[in-house]
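Order-wise, the sequence lines are chains Y and W. Numbered as in the working numbering, the first sequence ends at 267 without a single skipped number. Numbered as in the working numbering, the second sequence ends at 434 without a single skipped number.
Each hint can be trusted.
With a straight-line Cα cutoff of 30 Å, these simulated DSS-like cross-link-like pairs (lysine-lysine) come out: (1) Y:K108 to W:K247; (2) Y:K154 to Y:K108; (3) W:K98 to W:K159; (4) Y:K114 to Y:K151; (5) W:K98 to W:K193; (6) Y:K108 to W:K428; (7) Y:K108 to Y:K146; (8) W:K247 to Y:K33; (9) W:K312 to W:K247; (10) W:K312 to Y:K108; (11) W:K116 to W:K98; (12) Y:K114 to Y:K133; (13) Y:K36 to Y:K108; (14) Y:K33 to W:K312; (15) W:K98 to W:K174; (16) W:K247 to Y:K36; (17) Y:K151 to Y:K108; (18) Y:K154 to Y:K114; (19) Y:K154 to Y:K133; (20) Y:K114 to W:K312; (21) W:K428 to Y:K114; (22) Y:K146 to Y:K133; (23) W:K116 to W:K159; (24) W:K159 to W:K193.
Covered stretches of chain Y, as calculated for chain W (at least 3 residues, CB under 8 Å): (25) 62-72; (26) 100-110.
A short list of chain Y residues far from chain W (calculated; beta carbon distances all over 12 Å): (27) N37; (28) D80; (29) S91; (30) G92; (31) L157; (32) A198; (33) D207; (34) E208; (35) E247.
Please keep in mind that the hints were generated in silico from the structure rather than gathered at the bench. Quick reminder that beta carbons are idealized off the backbone N, C-alpha and C, glycines included.
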Amino acid sequence: MDAVAEAEAPQRALRNSPKMTARQVDVYYGETKALKNIDLDIEENQVTSLIGPSGCGKSTFLRCLNRMNDVIDGCRVEGDITLDDVDIYRSGLDVVQLRARVGMVFQKPNPFPKSIYDNIAYGPRLHGIAEAKSDLDDIVEISLTKAGLWKEVKDRLQAPGTGLSGGQQQRLCIARAIAVNPEVILMDEPCSALDPIATARIEELIDELRQNFTIVIVTHSMQQAARVSQKTAFFHLGDLVEVSETEQLFTNPRDQRTQGYITGRFG
Amino acid sequence: MTDSTAPAAALRRADLSEERLKRRYAAEKRFRAYGLAAIFAALAILGILIGTIVWNGHTAFVQTHIAMPVYLDPEIIDPQGSNDATVIQRADYQGLLKTSLRERFPEVTGRRDRIKLYGILSNGAGFDVRDRVLADPSIIGTTQTIWVKSSDDIDSLVKGYIDRDLPEGDRRVKDNEIVWIDSFAADGGVDTKFNTTFFTAGDSREPEQAGIWGAVVGSFFTLLITLVLTFPVGVLSAVYLEEFAPKNRWTDLIEVNINNLAAVPSIIFGLLGLAVFLGVFGFPRSAPLVGGMVLALMTLPTIIIASRAALKAVPPSIREAALGVGASRLQVVTHHVLPLAMPGVLTGTIIGMAQALGETAPLLMIGMVAFIVDIPGGVTDPATVLPVQIFLWADAPERAFVEKTNGAIMVLLGFLILMNALAVLLRKRFERQW
Ligand SMILES: Nc1ncnc2c1ncn2[C@@H]1O[C@H](COP(=O)(O)OP(=O)(O)OP(=O)(O)O)[C@@H](O)[C@H]1O
Ligand SMILES: [Mg+2]
Chain Y
1 MDAVAEAEAP QRALRNSPKM TARQVDVYYG ETKALKNIDL DIEENQVTSL IGPSGCGKST
61 FLRCLNRMND VIDGCRVEGD ITLDDVDIYR SGLDVVQLRA RVGMVFQKPN PFPKSIYDNI
121 AYGPRLHGIA EAKSDLDDIV EISLTKAGLW KEVKDRLQAP GTGLSGGQQQ RLCIARAIAV
181 NPEVILMDEP CSALDPIATA RIEELIDELR QNFTIVIVTH SMQQAARVSQ KTAFFHLGDL
241 VEVSETEQLF TNPRDQRTQG YITGRFG
Chain W
1 MTDSTAPAAA LRRADLSEER LKRRYAAEKR FRAYGLAAIF AALAILGILI GTIVWNGHTA
61 FVQTHIAMPV YLDPEIIDPQ GSNDATVIQR ADYQGLLKTS LRERFPEVTG RRDRIKLYGI
121 LSNGAGFDVR DRVLADPSII GTTQTIWVKS SDDIDSLVKG YIDRDLPEGD RRVKDNEIVW
181 IDSFAADGGV DTKFNTTFFT AGDSREPEQA GIWGAVVGSF FTLLITLVLT FPVGVLSAVY
241 LEEFAPKNRW TDLIEVNINN LAAVPSIIFG LLGLAVFLGV FGFPRSAPLV GGMVLALMTL
301 PTIIIASRAA LKAVPPSIRE AALGVGASRL QVVTHHVLPL AMPGVLTGTI IGMAQALGET
361 APLLMIGMVA FIVDIPGGVT DPATVLPVQI FLWADAPERA FVEKTNGAIM VLLGFLILMN
421 ALAVLLRKRF ERQW
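With the hints as constraints, model all of the structure from the sequences given.
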């Protein structure tokens, strides 16, 4: 299976196959089925947004993509999810290495109660990306710059990360995710705790990050989905109702339920 | 739409009347008064408790001494003139003191009267003389005035615990003893001095020679064993249960049983120690080793429960953050969760240790209640601990042991307050807002 996957890898670029795929994914929390038969492709260097009413399973799906559901007791994932055509749920796959390739930014900013510097340096140290102090310094600077935070914090890198404002903390968390240089970044409502200005900065940032990373973002704001993403998936009650080009989905939805959600008739 | 035209309102407006307000204020005031009264009651009880202990115990820290002029007879101390410390050490200093008592009160002649006379000094008074001579052997051959310990009865008399107006038959100190001691007092030869013996000696049948150092050292060794056994086991159990174990019926069962264990009366652990550690394994009786093991059984649930609470208090978002950048579960625990929980873990440990320090019952079962004079030199030497020492002294008939008991309670409370203060300090120092 691996050998096949590797043999196919060169062709992938030609075929332009998606970065990640989900096929017939079911997720259970204990007995309840939270996701039903999800098929979704996530294209490389694109922003894919997941929208849908509260409780429809967006976060659940997102967490399947880097196996963060593993730590939830009673959560079971069935079906196939691949990263570069390799099944990420196959036995023998190391989740730590997977998470180094698929990073995550959470809804609530959650910096470690350590210095700004250590927040960023933690991942690279962990994965042996940089040992020397000077290399780490570079990574910290690059990550913070990419996250648009460098100018604000460069004089207080040793100050605690928890002492920043909410928007700064979220950008710190993005910088922390970038520092490991993952291939995919998952963002679960990264702007829900932020004011419009901080939100705008992060949206800008997401657009820039698209050059180097594949991004999947969960959002409740349809404007945000429309602004930042190229592809949008609409979830409803555990079903993936519709997925298409963002513009297409918002201007000309195929499904009744999508139509209802984006026009604000329910949700 | 105005009120008059509105249909009958389903909801009434809030009642803003003056009377309601007054009632609410009165209720609040009353509640505050109850609270304050409760706090004052608690403080008063604590005050009475500490007050009586200090009142009864403060005299334990001083000891009556008598100024004795002694001729340090070289014939008796060092007949060969060898100047050898071991010889000097073994001389009969008590005898020298007796000689000078006889010289001072030549009118006392009868055998029984003489024994009475010698009895105003402590059996250990000779050691006070010996220590002076050992410190400076050149005084041998001269007459020195040396402050030596009085006996416990004289000590009680001087401290005012014995009523001189009682008829002689009801008094532990007889008339002639009072005459002798008053004669010393008239020359300024009676004084209460700081009681170093109380802090440096082991137990003794003679109150004036008894000290708590043996019990303090015993307590130290016992707690050391307890700490060494419980801290790693407790913390590892807590980490495993909280961070790694699946939540299922087995872990629920374990959790319930840990809580049950915390509620088991401590004497049961003592019986267990007696049956298993002494009976089956044949560990030495009365030893801090076994005492520490028994107390470890008792302290373990406390530490596990406190550590789990501390681990639970670390927000899950920190774990997610670390997992999200690719830390393994073990790395999440060792890099983030455990360091953040450490202050709570240490606080729980100190409180568990403080509990263990005050524990008596289980140690009685394993023989740590024996009368032990020597200061223990290791964890397998027979020893006693502070609370058991208090128990032993409280049982002793001599009047002078009452103050020793209270003095020892003060020392024990001192240690407990110190430990709890340390716990509070740790909590304050590392308190964290997320
Ligand atoms: N840890 C869990 N245990 C049990 N059920 C869960 C758990 N997490 C989520 N669920 C259930 O799974 C369903 C999907 O939840 P999920 O968090 O994925 O929704 P969501 O789309 O992210 O909602 P929101 O927009 O409010 O964040 C919900 O019905 C929820 O109750
Ligand atoms: Mg969610």
